[in-house]
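In order, the protein sequences belong to chains A and B.
Taking our numbering, I'd label the letters of the first sequence as residues 1 to 578.
Taking our numbering, I'd label the letters of the second sequence as residues 579 to 889.
No lab work stands behind these hints: they were computed from the structure.
Hints should not be assumed to be uniformly reliable.
[To be verified] Straight-line Cα separation of at most 20 Å, DMTMM-like style, residue types lysine to aspartate or glutamate; simulated pairs:
hint	chain 1	residue 1	chain 2	residue 2
1	A	K430	B	D741
2	B	K673	A	D4
3	B	K870	B	D794
4	A	K415	B	E729
5	A	K424	B	E652
6	B	K651	A	D261
7	A	K424	B	D794
8	B	K811	B	D794
9	A	K416	B	E729
10	A	K10	B	D802
11	A	K339	A	D261
12	A	K114	A	D261
Keep in mind the model is a prediction, meaning the values are calculated, not measured.
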Amino acid sequence: MISDLLNGIKKEILLVIRHRNALFLVFLFPLITIGAFGGLYSYNLNQSLSIAVFVDPAIKQISLSEAKNEFNYNVDFAQELKKNKNLLVHELNSEEELRQKVLDNTVDSGLVIKKPDSKTPYQIIVVVDTTDFVQSSVVWGTLSNEINTITTNISISIIQKIYEKIVSQEHRTNQQLQRINSFIADFEKTKRLTQELKEKANSFDVNEVKETLQQQKTELKNIREDVYVSEFYYDSLISNTQKFPGFFHQTIIDQGLITRDANGTYLYSTGAANLEAIVNNYWIQQTRDAELQKNRMVKVRETLDISIGQIENLEQKLDDSDIEKLQSFVSDAIEIQNKVESDLLESRALLLEVNNTIQSIKQYSPQFLARPAQLEYGEAIHLPNLATQFFPMVLALVIMFSALLLTAISIISEKKQNVSNRLKSMPVHKSILVMQKLLGISLILVIVLSILILAGSMFGIQLAGNPIQILLSLSLVIVCFVSIGIVIGSLTNNEPSAILATLVIVFPMIFLSGLLLPLELMPQGFQIFKVINPLATSATLLVNTTIKNIPLLYSIKEILNLAIISFIGIIMGYLKYL
Amino acid sequence: MSSIISIDNISKEFGSKKVLDAVSFSIEKGEIFGLLGPNGSGKSTLMKIITGILNPTKGTIYLDDKDIKLAAKEAKAKIVMVPQEYAFFSELSVKENLDYFASQVYASKQKVDEALDQLELRKFAQTPAEYLSGGYKRMLNIAISLLQNPEVIFLDEPSVGLDPIIRRELWDRILEIRNKGITLCISTHYMEEASALCDRVCLIQGGKVFALDTPDNIIKEFADEQVGVFTLKQLPNEDLTSNIARNAKGVIASVTGSSVVVKFSSKNLLLNEIVKKTIEASGFEILKVRIKEADLEQAFINLTGKQLTEN
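Can you build the whole structure from these sequences, using the hints too?
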């Protein structure tokens with residue numbers, strides 16, 4: 001049994017080697033297909049894209065007429081795009097010319113940058129040739145990424161300036177904190193003097209008390225001077241912080257980070273809304289804090305005024321008999337001092353909080369604030385070129401055509417040479433003949449395609465898969481298509497009808513394989529073709545084993561599909577063979 | 579001799595067309611049996627049914643008294659069909675073809691060597707089959723059938739398209755095979771082939787058997803007349819045929835161009851001389867006389883009203 005099987009396999013190999021058409025199908029066709037495919041598509045995936053750019057001249061005029069301010073940022077999109085070595089940028093003079101060049105494929109795509117008026121931000125239109133589905137996607141992805149980089153750079157530049165302004169507040173806050181600390185230190189003296197007065201209130205020397213009061217008054221006046229300075233500082237801070245959010249909002253509108261729709265609603269670009277919220281919250285809080293501080297200073301000053309008035313009043317009227325008045329004054333003074341001390345401590349706590357906020361902002365760089373989330377194109381597996389990426393699909397197609405036609409034509413040839421009839425009249429097992437055909441042709445194709453895969457590296461095709469896994473999956477795919485070829489050959493009687501039958505089977509397989517259009521776009525019911533279509537299943541299995549290098553166990557569904565299709569093919573072939 | 583194959587009431591229809599109509603006969607062990615009939619008479623169909631390539635619409639075939647349907651495996655082992663067309667791989671050499679078919683029937687290498695020698699194919703062993711002459715392609719066709727040690731070989735039109743020398747060589751090989759004790763059944767539309775090779779002949783036409791016997795017996799029984807063709811210098815007329823019919827009783831005379839064709843019993847050879855004298859007496863000059871002996875073709879024509887070959 002083994003010897004007749006081996007002789008059958010040997011016969012199949014000899015027939016292929018000696019038959020010109022068979023040799024073409026088995027060797028030249030795959031070699032030409034894989035060679036041409038590899039040669040054409042083995043270039044690097046980062047190949048240059050030629051982009052036509054038209055910048056509306058109005059943009060430059062508006063930029064010139066706009067008032068310069070410290071946040072102004074004018075961007076030259078063409079120059080920015082030229083920084084990317086993979087883009088060949090052609091600057092054009094009109095939008096019509098640009099669209100024409102995209103249509104006649106002089107360039108891969110176009111970029112129209114408009115800015116109709118000073119209130120409308122940049123409008124960027126990516127013009128692609130939609131008849132070329134694949135190129136459109138590549139162009140859209142590349143340019144979206146590029147525009148995103150440019151707008152992020154604008155954001156970083158603006159945020160850098162805002163950041164510097166916020167951080168510069170740290171110095172002033174520290175100054176104010178120092179001043180308050182000095183108040184508190186000074187206030188200790190006043191408190192001590194009041195305490196002395198309290199101790200002397202029951203039996204006091206008028207001159208001594210007056211001297212203490214004089215000292216106290218001087219201290220309080222010094223403090224009042226400092227409080228005046230603080231009041232002035234907070235006034236200036238309030239004025240600045242109130243203006244800033246409106247000013248910032250206008251700036252980011254001018255830079256194209258916010259647009260307006262027809263209803264006048266603001267449309268924020270990525271990150272701009274968050275940025276404005278951060279800025280607004282910070283500055284509103286700053287204003288609120290400054291107002292609070294200022295009110296507090298006013299209250300302190302008013303309290304100090306009252307204290308100074310009381311001291312002056314007491315100085316004028318104080319005599320040895322005014323013990324009660326002195327006691328009452330001391331009591332009021334302690335109360336006022338407690339109040340002032342409390343306000344000063346609160347003010348210091350507030351300044352410390354502002355300082356902490358600045359410290360926390362300082363933890364982040366402007367780059368971080370402008371681009372808190374970085375979107376990157378992550379490759380689960382690195383593919384060196386398009387040839388390698390699409391090689392499994394090409395391999396599946398080559399196997400399909402070679403196996404179907406070679407097997408069918410081999411059976412037809414046996415019929416034409418009357419060998420089938422002879423074998424039918426001989427005491428041979430049909431199952432052995434079917435197995436000879438299946439194994440013989442499969443072996444030839446496995447050997448030839450293995451050599452071609454190895455030779456594929458000459459065409460730039462680099463496969464990362466485990467060789468044994470590749471061999472096993474390749475064998476299964478070949479056996480599956482050879483079994484279908486046996487059915488075609490058994491059901492037809494001449495070459496034209498075999499070729500026609502092959503085409504009738506092949507075209508739906510290609511259309512319903514997902515190679516031309518994703519099957520996911522089809523109605524749910526049609527997606528069953530993903531499972532029952534041997535081409536789709538083969539492509540998936542070969543992708544898994546040749547380039548993804550996934551263990552065969554994870555392709556068990558595809559393996560079972562192909563095994564079942566092969567089994568059905570072999571059974572049908574057995575029933576119809578001879 | 580005992581019969582090795584018995585065909586009992588075999589009919590075959592392709593759609594509405596009846597190709598074989600209740601055919602029955604037996605083939606004796608060790609004989610060369612001839613199926614004689616023109617193209618389309620049903621010979622090849624009958625052979626294909628016997629060898630299991632086609633199924634009959636009706637009837638039974640017995641191999642050693644066993645229904646071949648019930649003993650299909652044994653029948654396939656013992657009966658071999660050598661089709662009219664070449665049935666081997668033209669791209670393979672003679673030896674490769676024999677090796678392949680030998681492996682399929684578990685024949686030994688020795689058997690391959692025997693077949694090469696017996697059919698005188700040794701010198702072409704490494705030649706691709708497609709480059710063999712027509713005669714040697716027939717030899718290879720037969721050689722392959724010998725590999726499985728058959729008891730009966732069916733040869734479908736073995737010498738069609740061959741030149742006379744090669745045909746004679748092929749006949750010698752066929753006789754050698756018979757001498758080894760193998761029963762042969764040959765379908766042919768060549769009368770000479772059937773006469774030269776066959777022990778018994780079955781005349782078949784339109785799917786029906788018209789006669790079955792030895793060639794001599796069939797000729798004696800169904801072709802007992804001679805035909806004389808007298809080519810004249812002058813064009814013959816109806817008076818001449820009337821004179822011949824009057825002088826030579828039992829003779830049928832007719833005119834074909836410048837010839838007079840007469841038919842008469844082969845047992846009465848004197849009539850030939852009477853016809854000759856009558857023609858000369860009527861004032862005609864005889865240029866050539868050809869007397870055609872009775873043969874299987876004549877028997878076939880007499881029996882079926884059809885000719886074996888188109889011309």
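Do the hints match the structure? See the list:
Using a Cα cut-off of 20 Å, the hinted pair K430 (chain A) and D741 (chain B) is violated, with the two alpha carbons roughly 37 Å apart. Our distance criterion of 20 Å between C-alpha atoms is met by K673 (chain B) and D4 (chain A), whose separation comes to about 16 Å. Under the criterion of a C-alpha separation no larger than 20 Å, the hint pairing K870 (chain B) with D794 (chain B) is consistent with the structure, at around 16 Å. Note on K415 (chain A) and E729 (chain B): the hinted pairing is violated, with a Cα-Cα distance of about 26 Å set against a maximum of 20 Å.
A hinted pair counts as satisfied when its Cα atoms are at most 20 Å apart, and K424 (chain A) with E652 (chain B) qualifies at roughly 14 Å. Distance check on the hinted pair: K651 (chain B) and D261 (chain A) sit about 87 Å apart at the alpha-carbon level, beyond 20 Å; violated. A threshold of 20 Å between alpha carbons decides the hint, and for K424 (chain A) with D794 (chain B) the separation of about 37 Å lies outside it, so the pair is violated. Restraint check: the Cα-Cα separation between K811 (chain B) and D794 (chain B) comes to about 37 Å, which exceeds 20 Å; the hinted pair is violated.
Between K416 (chain A) and E729 (chain B) the CA atoms are separated by roughly 28 Å; this puts the pair beyond 20 Å, and the hint is violated. Among the hinted pairs, K10 (chain A) with D802 (chain B) is inconsistent with the structure: their alpha-carbon atoms are about 59 Å apart, more than 20 Å. Distance restraint check for K339 (chain A) and D261 (chain A): the Cα-Cα separation of roughly 54 Å exceeds the 20 Å cut-off, and the hinted pair is therefore not satisfied. Of the pairs offered as hints, the one joining K114 (chain A) and D261 (chain A) holds, with about 15 Å between alpha carbons and a cut-off of 20 Å not exceeded.
The structure fails hints 1, 4, 6, 7, 8, 9, 10, 11 (numbered hints given earlier, in ascending order).
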